[in-house]
Amino acid sequence: MHDNAFKHIDLVIFDLDGTLYEDTDHFDHYAKRLSEELPEQNRANFFQDYDDMKKGNHAVSIGKAYDVVRDWVVETDPFTGQVSRVTDWEGGLVPTAQWKAVYPGAVSFDFDTLIAIGDGWWLPNAAARHYGVSDPQPAYHETKEYMATDQFELTVIEGLRTGLQALGQKKQVVLLTNSTPDDVERLLSMLDLTDVFTDVVTSAGKPQHTKAQFKTIMERYDASAERTLSIGDNYLNEIIPAGAIGMKAIYIDLEEGAVQYGDRKIRSISELIQEMHDTH
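Here our numbering is used: the first residue of the sequence shown is 875, the next is one more, and so on.
Heads up, some of the hints might be wrong.
Lysine-lysine pairs mimicking BS3-like chemistry, simulated, CA-CA at most 27 Å apart [said to hold, decoys possible]:
{"#": "1", "residue 1": "Lys881", "residue 2": "Lys1139"}
{"#": "2", "residue 1": "Lys1044", "residue 2": "Lys1139"}
{"#": "3", "residue 1": "Lys1085", "residue 2": "Lys1044"}
{"#": "4", "residue 1": "Lys1085", "residue 2": "Lys1139"}
{"#": "5", "residue 1": "Lys1089", "residue 2": "Lys881"}
{"#": "6", "residue 1": "Lys928", "residue 2": "Lys1018"}
{"#": "7", "residue 1": "Lys1018", "residue 2": "Lys974"}
{"#": "8", "residue 1": "Lys906", "residue 2": "Lys1018"}
{"#": "9", "residue 1": "Lys1044", "residue 2": "Lys881"}
{"#": "10", "residue 1": "Lys1089", "residue 2": "Lys928"}
{"#": "11", "residue 1": "Lys906", "residue 2": "Lys928"}
{"#": "12", "residue 1": "Lys906", "residue 2": "Lys929"}
{"#": "13", "residue 1": "Lys1089", "residue 2": "Lys1044"}
{"#": "14", "residue 1": "Lys1044", "residue 2": "Lys929"}
{"#": "15", "residue 1": "Lys1089", "residue 2": "Lys1139"}
{"#": "16", "residue 1": "Lys1018", "residue 2": "Lys881"}
{"#": "17", "residue 1": "Lys929", "residue 2": "Lys1139"}
Keep in mind the hints are simulated off the structure, nothing from the lab.
Construct the complete structure from the given sequences, taking the supplied hints into account.
Structure below.
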């Protein structure tokens, strides 16, 4: 039994994608779009690997990283950046001496040659890079455009609007997202979440600028780190940076993976709605 997540909190910073909605059809659309850039003979294997990733039956999974240059799957300590284990694409162990020669110290992610698999967007991305797609950005942008059409539908989480409104009467509630202003306006409208946040910060530049964004928001609302809570589905974007500066964090793990991040892990934001109403 958990204490109320918001009991000792003054400021709550929410992510948007994967946090305030849980649909995943856009990931599959992204995968389909990426597959169109692959040679015909690679597409079946691409989709098989992507399906295995979603089921947790692949070396690549959320919480790991993918070395595009060497085709390695890399496990790191998220706080120190130190590599702890490396496998090949099929899951076979790479000898320690071999990978230590490549990663002698802490690694950083450039999301081009070394990709952190932070959420569902990165699974098809890694698979596509493995099978030969050199630039996944056109497919990503096309997918975002698809999400702006009438073909794309989102499931409204029952009770979330009233829960956020109740929380907002007692706490500062801020939305911090990488999405652009027009995307955010449209998504919040689709989700019936317009006008429920104290502030909305778009094009946030997470994860590179997450800690700076957190600090700016805390200064704006005169909130201490220990009384500020980050809630999101991307461990690298919303959870690790929060912990690094003394904030609280709740990790939304849609796939219910084995890895634990933050102070608490939940399957859905809906698990917090009653606590939003009950907190003081």
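To see whether the hints hold, each was checked on the structure:
For the hint linking Lys881 to Lys1139, the alpha-carbon distance of about 17 Å falls within 27 Å, and the restraint holds. Using a Cα cut-off of 27 Å, the hinted pair Lys1044 and Lys1139 holds, with the two alpha carbons roughly 23 Å apart. With a CA separation close to 24 Å, the supplied pair Lys1085 and Lys1044 stays within the 27 Å bound. Straight-line distance between C-alpha atoms of Lys1085 and Lys1139 comes to about 21 Å, which keeps the hinted pair within the 27 Å bound.
Our distance criterion of 27 Å between C-alpha atoms is met by Lys1089 and Lys881, whose separation comes to about 21 Å. Using a Cα cut-off of 27 Å, the hinted pair Lys928 and Lys1018 holds, with the two alpha carbons roughly 21 Å apart. Only pairs whose Cα atoms come within 27 Å are accepted, and Lys1018 paired with Lys974 is rejected, the gap being roughly 38 Å. Distance hint between Lys906 and Lys1018 is fulfilled; the C-alpha atoms sit about 13 Å from each other, no more than 27 Å.
The suggested pairing of Lys1044 with Lys881 holds, with an alpha-carbon distance near 10 Å, which does not exceed 27 Å. Taking the CA atoms of Lys1089 and Lys928, the gap is near 34 Å; set against the 27 Å cutoff, the hint is violated. Straight-line distance between C-alpha atoms of Lys906 and Lys928 comes to about 14 Å, which keeps the hinted pair within the 27 Å bound. Distance check on the hinted pair: Lys906 and Lys929 sit about 17 Å apart at the alpha-carbon level, within 27 Å; holds.
About 21 Å separates the Cα atoms of Lys1089 and Lys1044, which keeps this hinted pair within 27 Å; it holds. With a CA separation close to 39 Å, the supplied pair Lys1044 and Lys929 exceeds the 27 Å bound. With a C-alpha separation of about 23 Å, the suggested pair Lys1089 and Lys1139 falls inside the 27 Å cut-off, and the hint holds. Between Lys1018 and Lys881 the alpha-carbon distance is near 36 Å, which puts this suggested pair outside the 27 Å criterion.
About 19 Å separates the Cα atoms of Lys929 and Lys1139, which keeps this hinted pair within 27 Å; it holds.
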